[in-house]
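Take the sequences, apply the hints, and build the full model.
There are 2 protein chains.
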Amino acid sequence: MSLTSKLLVDIHTHVYLPRYTALLRSRTSVPFIRSTTTPEGATDDRLLILDHEPSGGRPVGSQYWDREEKLKFMDKHGIDVSIVRYAYESPIPHSRSSWSRDFTSTANPWLDFLPASKAQTLASELNNDLEEYCSTGPSLSSHEIKRLYGFGLLPLVPEITTSALVDVVHQIGNLPHLRGLIMGTRGIGKGLDDESLDPVWAAIEKAGLVVFLHPHYGVDASAWGDKYNGHVLPLALGFPFETTTAATRLILSGVFDKFPSLRLLLAHSGGALPALSSRLASCIDHDPVVASRLKHDARYYLGKLYLDAVAYGPEELGFASDILSRAPKYETTSSVVKNGADRSTGSKRMLFGTDHPFFPPLSMTEKWKSVVENLEAIEAVQGWSQEDKDGVRGGNAVSLFALDK
Amino acid sequence: MSLTSKLLVDIHTHVYLPRYTALLRSRTSVPFIRSTTTPEGATDDRLLILDHEPSGGRPVGSQYWDREEKLKFMDKHGIDVSIVRYAYESPIPHSRSSWSRDFTSTANPWLDFLPASKAQTLASELNNDLEEYCSTGPSLSSHEIKRLYGFGLLPLVPEITTSALVDVVHQIGNLPHLRGLIMGTRGIGKGLDDESLDPVWAAIEKAGLVVFLHPHYGVDASAWGDKYNGHVLPLALGFPFETTTAATRLILSGVFDKFPSLRLLLAHSGGALPALSSRLASCIDHDPVVASRLKHDARYYLGKLYLDAVAYGPEELGFASDILSRAPKYETTSSVVKNGADRSTGSKRMLFGTDHPFFPPLSMTEKWKSVVENLEAIEAVQGWSQEDKDGVRGGNAVSLFALDK
Numbered sequence: 001m002s003l004t005s006k007l008l009v010d011i012h013t014h015v016y017l018p019r020y021t022a023l024l025r026s027r028t029s030v031p032f033i034r035s036t037t038t039p040e041g042a043t044d045d046r047l048l049i050l051d052h053e054p055s056g057g058r059p060v061g062s063q064y065w066d067r068e069e070k071l072k073f074m075d076k077h078g079i080d081v082s083i084v085r086y087a088y089e090s091p092i093p094h095s096r097s098s099w100s101r102d103f104t105s106t107a108n109p110w111l112d113f114l115p116a117s118k119a120q121t122l123a124s125e126l127n128n129d130l131e132e133y134c135s136t137g138p139s140l141s142s143h144e145i146k147r148l149y150g151f152g153l154l155p156l157v158p159e160i161t162t163s164a165l166v167d168v169v170h171q172i173g174n175l176p177h178l179r180g181l182i183m184g185t186r187g188i189g190k191g192l193d194d195e196s197l198d199p200v201w202a203a204i205e206k207a208g209l210v211v212f213l214h215p216h217y218g219v220d221a222s223a224w225g226d227k228y229n230g231h232v233l234p235l236a237l238g239f240p241f242e243t244t245t246a247a248t249r250l251i252l253s254g255v256f257d258k259f260p261s262l263r264l265l266l267a268h269s270g271g272a273l274p275a276l277s278s279r280l281a282s283c284i285d286h287d288p289v290v291a292s293r294l295k296h297d298a299r300y301y302l303g304k305l306y307l308d309a310v311a312y313g314p315e316e317l318g319f320a321s322d323i324l325s326r327a328p329k330y331e332t333t334s335s336v337v338k339n340g341a342d343r344s345t346g347s348k349r350m351l352f353g354t355d356h357p358f359f360p361p362l363s364m365t366e367k368w369k370s371v372v373e374n375l376e377a378i379e380a381v382q383g384w385s386q387e388d389k390d391g392v393r394g395g396n397a398v399s400l401f402a403l404d405k
Numbered sequence: 001m002s003l004t005s006k007l008l009v010d011i012h013t014h015v016y017l018p019r020y021t022a023l024l025r026s027r028t029s030v031p032f033i034r035s036t037t038t039p040e041g042a043t044d045d046r047l048l049i050l051d052h053e054p055s056g057g058r059p060v061g062s063q064y065w066d067r068e069e070k071l072k073f074m075d076k077h078g079i080d081v082s083i084v085r086y087a088y089e090s091p092i093p094h095s096r097s098s099w100s101r102d103f104t105s106t107a108n109p110w111l112d113f114l115p116a117s118k119a120q121t122l123a124s125e126l127n128n129d130l131e132e133y134c135s136t137g138p139s140l141s142s143h144e145i146k147r148l149y150g151f152g153l154l155p156l157v158p159e160i161t162t163s164a165l166v167d168v169v170h171q172i173g174n175l176p177h178l179r180g181l182i183m184g185t186r187g188i189g190k191g192l193d194d195e196s197l198d199p200v201w202a203a204i205e206k207a208g209l210v211v212f213l214h215p216h217y218g219v220d221a222s223a224w225g226d227k228y229n230g231h232v233l234p235l236a237l238g239f240p241f242e243t244t245t246a247a248t249r250l251i252l253s254g255v256f257d258k259f260p261s262l263r264l265l266l267a268h269s270g271g272a273l274p275a276l277s278s279r280l281a282s283c284i285d286h287d288p289v290v291a292s293r294l295k296h297d298a299r300y301y302l303g304k305l306y307l308d309a310v311a312y313g314p315e316e317l318g319f320a321s322d323i324l325s326r327a328p329k330y331e332t333t334s335s336v337v338k339n340g341a342d343r344s345t346g347s348k349r350m351l352f353g354t355d356h357p358f359f360p361p362l363s364m365t366e367k368w369k370s371v372v373e374n375l376e377a378i379e380a381v382q383g384w385s386q387e388d389k390d391g392v393r394g395g396n397a398v399s400l401f402a403l404d405k
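Quick note, the sequences are listed as chains X and Z, same order.
Take the first sequence: its letters are residues 1 to 405, numbered as in UniProt numbering.
Take the second sequence: its letters are residues 1 to 405, numbered as in UniProt numbering.
Source of the hints: derived by calculation from the structure; they are not laboratory data.
Computed from a prediction, not measured in an experiment: that's the story for all the values here.
Please note that the accuracy of each hint is not assured.
Any copy, or any two copies together, can satisfy a pair, since identical chains are not distinguished.
[What the hints assert, rightly or not] Derived lysine-lysine pairs resembling DSS-like cross-links, with alpha carbons at most 30 Å apart:
(1) Lys329 x Lys389
(2) Lys329 x Lys76
(3) Lys367 x Lys190
(4) Lys329 x Lys348
(5) Lys295 x Lys72
(6) Lys295 x Lys6
(7) Lys258 x Lys295
(8) Lys367 x Lys295
(9) Lys76 x Lys190
(10) Lys369 x Lys258
If you want it as structure tokens, here you go:
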């Protein structure tokens, strides 16, 4: 057993880098960061994404951009390596009235608010920044491995050219500490099942980059009703619904038939996709429009996915693992009996994550509950061997992202 | 072992009764049924729910209302008893342009399109019709059990009074072959977390009726994008998302704390709720607005639910069962260790269903694939004993609906 098989690797962790926050600070219309000084003399930075935001914006601090803060968080939780990426959670205003727009606006503070040319330049600069953030950071003392790696980003905005996107894929592929790229669900405006993205998938597949698919917009907030439930519904349900929809549309578009080596990693253990995958297969089977479009049963394509292990419960992780394990049985040519599933096989495609710096504890604690719960969940999965658990904790990430190469 | 423990009972099966179709036939604006004669002399009945529907409407036939057709279907699949209810699937137009309105319109053909007074009268009449449909039907030869039982319906429309709703609950409770009631997710317009429904929940709890919660509206259809995927996305994802949202809002509203004996049965094995329940608990824990609102961890309340076994896969059913089994561990006062789960316990709250007459096979077959798959899934669940499987096939329904009483 190699030493690297015992590492704890966080593959779901967020960062805003200074160039990005500087851009937001330079702006005077949403999205922007407004800096004020409190009566006590402290700096109060607020991220505003909506005009006239009654809450005054979401407080943001050094945990969003300071590498030392990230490393301190990692040390506190025994995390050896983090694969960071630009924050892609929707910054959450504290007032309710702005809530629905928050999760449905196209003006969220990523690159969406920029024109294509500016987005392309900035994406490229931010990728270089991220490479520097990782490469100039510390290494693990016992290994030739850095403590920080990154997912790059693409200028996925309307009116960007395919060749511009492919150029940035190549850039990311050539930056040694970037091992994948982060992607939202909107593509260049029409979603990820847009055929004009085919050359982008081809380039990503060829470069061997992992695509981290992360939700951002949720679903139409009118679904949440009138009763104020804080941010629970959009975060607990809206995010996974969005990921589930995007991944399902990708399956239906035939992207996995066209690009069989594409490596797609879904946030939050794939959301609701594992639980709805047999229903999906049945609905496809019973719909004349799509019944013969795909090469395989829908469940087969779930075996192509990687899932983070950010589901907070052992039953959820074990189940997601079952769904990945059973996938090969649903290959059209498969003669494997469909009963039962070897839970261990699926564990090889699941990877620990924290979602830092989101979900901080409500009260001061030594360790973050959200992190502890995800680690405990991995330990408690029935049917996973210690080797499987070590894989989910870090060994799988070492292989998938070739951290020891 | 009693004879009734070996019955096959379908608790998820739809019917339109003549009074309802007569109403639709009498109308000249949507929703209505238009009857024409084909050049070959056959009658062509189409249900239209949208003005200027390019498809000409959804073909409807005797399988929607003829009791003999229902019994024939039951006989073909070895179903001893069915607990029917008014169709609550959205009739699906065949053209795409009308699709988004189909699943978001409030004018769906249930009682939504009626004024409160008319809805109240009709609900009451339809409940009497359904009682007659069941009571005048055949009995099982070997038992004192009828072959048909029903879920009544409430006039859940805006501006209905609470006392009118409570009256209909009492009516249903007094009709001997109605053992529960069907409910959509909108309540009287504001969803099921609307506090003005509290007296209705109280009356339902007191009457011991089972509430079958079934989706109807899906989610905002803009989530499905531009690519035409037939009806797969709204059916495979939209329906479960809707059920999941409604049940989550019920949990957050404290309804299960207020009415601890309420018996709620969720369609489609609870949709995405089991898979997202630990994420839900974590989001609640980390949100100051709701963190201390509920008596228990969110996962506890899932143990209060009943789920149909309409998920088309053994891993899905086994997982849903795990989630029900683990629920008592999340009672605030519980000292039970949270690791692992006894899959058998949860099976007691799961019940076979077919969704007939929806999901008919695309080609002629002896048995319907959708039904066969659900039966095979039950057989193949790992960790369920033969007794557990018999329970899900029918024994649990006999108990829950007191069919042998």
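query = Can you give the numbers of the hints that this structure goes against, from lowest to highest?
reply = Violated hints: 3, 5, 6 and 9; rest satisfied.
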